[in-house]
Amino acid sequence: MPPVRPRILYVTDLAYQARGRRYCDEDIFLTSRLRDEFDLALCHPRDAAALMDAFDATVVRNSGPVLTYQEAYDDFRRRAISSGARVYNPLTGKADMAGKQYLLDLTASGHPVIPTVDRAEDLHLLPEVDRYVVKPKLGADSMGLRIVSAQGARDLVTEDLLVQPRVDFAYEVSFYFVDHDFQYALYAPHTDGRWRLEPYAPTDADLAFARRFIDWNGLDHGIQRIDACRAPDGELLLVELEDLNPYLSLDALDDTRRDAFVDAMKASLHGFLAAEA
Numbered sequence: 421m422p423p424v425r426p427r428i429l430y431v432t433d434l435a436y437q438a439r440g441r442r443y444c445d446e447d448i449f450l451t452s453r454l455r456d457e458f459d460l461a462l463c464h465p466r467d468a469a470a471l472m473d474a475f476d477a478t479v480v481r482n483s484g485p486v487l488t489y490q491e492a493y494d495d496f497r498r499r500a501i502s503s504g505a506r507v508y509n510p511l512t513g514k515a516d517m518a519g520k521q522y523l524l525d526l527t528a529s530g531h532p533v534i535p536t537v538d539r540a541e542d543l544h545l546l547p548e549v550d551r552y553v554v555k556p557k558l559g560a561d562s563m564g565l566r567i568v569s570a571q572g573a574r575d576l577v578t579e580d581l582l583v584q585p586r587v588d589f590a591y592e593v594s595f596y597f598v599d600h601d602f603q604y605a606l607y608a609p610h611t612d613g614r615w616r617l618e619p620y621a622p623t624d625a626d627l628a629f630a631r632r633f634i635d636w637n638g639l640d641h642g643i644q645r646i647d648a649c650r651a652p653d654g655e656l657l658l659v660e661l662e663d664l665n666p667y668l669s670l671d672a673l674d675d676t677r678r679d680a681f682v683d684a685m686k687a688s689l690h691g692f693l694a695a696e697a
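Mapped onto this note's numbering, the consecutive letters of the sequence shown carry residue numbers 421 to 697.
I should point out that these hints are in silico values taken from the structure, not numbers from a laboratory. There's no promise every hint is true.
Claimed, not checked - Quick list of simulated restraints, FRET-style, between CB atoms:
| # | residue 1 | residue 2 | range |
| --- | --- | --- | --- |
| 1 | R574 | D675 | 48 to 56 Å |
| 2 | D635 | D675 | 28 to 36 Å |
| 3 | E491 | P652 | 37 to 45 Å |
| 4 | P532 | D612 | 19 to 27 Å |
| 5 | C444 | T512 | 22 to 30 Å |
| 6 | H600 | A540 | 35 to 43 Å |
| 7 | H690 | C444 | 20 to 28 Å |
| 8 | I448 | R498 | 26 to 34 Å |
| 9 | W636 | S503 | 27 to 35 Å |
| 10 | R499 | D612 | 38 to 46 Å |
None of these values were measured; they are calculated from a predicted model. Cβ atoms here follow ideal geometry from the backbone N, Cα and C, with glycine treated the same way.
Turn these sequences into a full structure, and let the hints steer you where they fit.
Laid out in C-alpha cells, this is it:
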C-alpha cells in the first residue's frame, strides 16, 4: 500500500480583490506544488471551522483581512484552540494575528519600530510632523487607514485606533521567513508603487534587524513577513510583522528562488506535523 499522505485544509479566499496583487494566483501556484506531498482541499475562511477536524492540519494562507469575516474567524480560533487542532501558522503569534497592539508594545520597549500611540495624552511622544497616519488596531491591507493633520490625529485617536507619524521613507522592504530561516527579501524602490517589488539583497545588519522580530514573535513553525521602511537617517523601522496570512509576492521571484521557497514550506509543514503529532 502507498504511504498515507498528510491531509491539509488550505484556507484561502480566491475571490478576494487586493490592490496591486492577485492573491488567487499565488494560492493556485502553491497548492499545485504542495499536492506533490500532501492531500489538499481548499476552502473559504468562513468554512474553515466546520471542516478542519477532518484534516491533519489547517493552513491559513491568502484568506483576506479578518475584519471582513471577524465573527467566523473568532469562532475558528476558539474551536481550533479548544480542540487542539493543528493550525499553520500556529495561533500563538503575538503580531498581526492578535491585532496591532504589538506596535504599541514594541514602541514602549524601545524596538526599532515606527513610533505608535493610541491615546491623545501620548501624542506628544511622537515626532512632530505635518501629517499622521491613523489606522484601526484590527485593520489589515490598509483598511480604515487615514492620513490626517496633527489636529485630526487628536480628534480621532481612541483605544481602537493607532496613531503614527507619517515617515518620509526612502523605500519599503520586506523580509520573508519560513520557520526561523530567511528565504528572500523584496523592496519597492518606487514610493508611488508599494507592490511594484524587486529582489533586494539584504546586508548582515538588515537580516539582524529582521531576525530580531522573528525571535521576538517566537513561532517555531510558519511563514512570516517583516515589513520595514528605510528612514531618512538610513535606519530600518518596523512597519508590520505579518504572522497570520502574509502575501508572499512569489511572482516577483525567479524560478530558482520560488522553488526554494516551496521546498522550505514543504519541509516546514512536515516538521510542524511531526512536532504536533
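Checklist entry - Hint numbers the structure violates, sorted upward? => result No numbers; nothing is violated.
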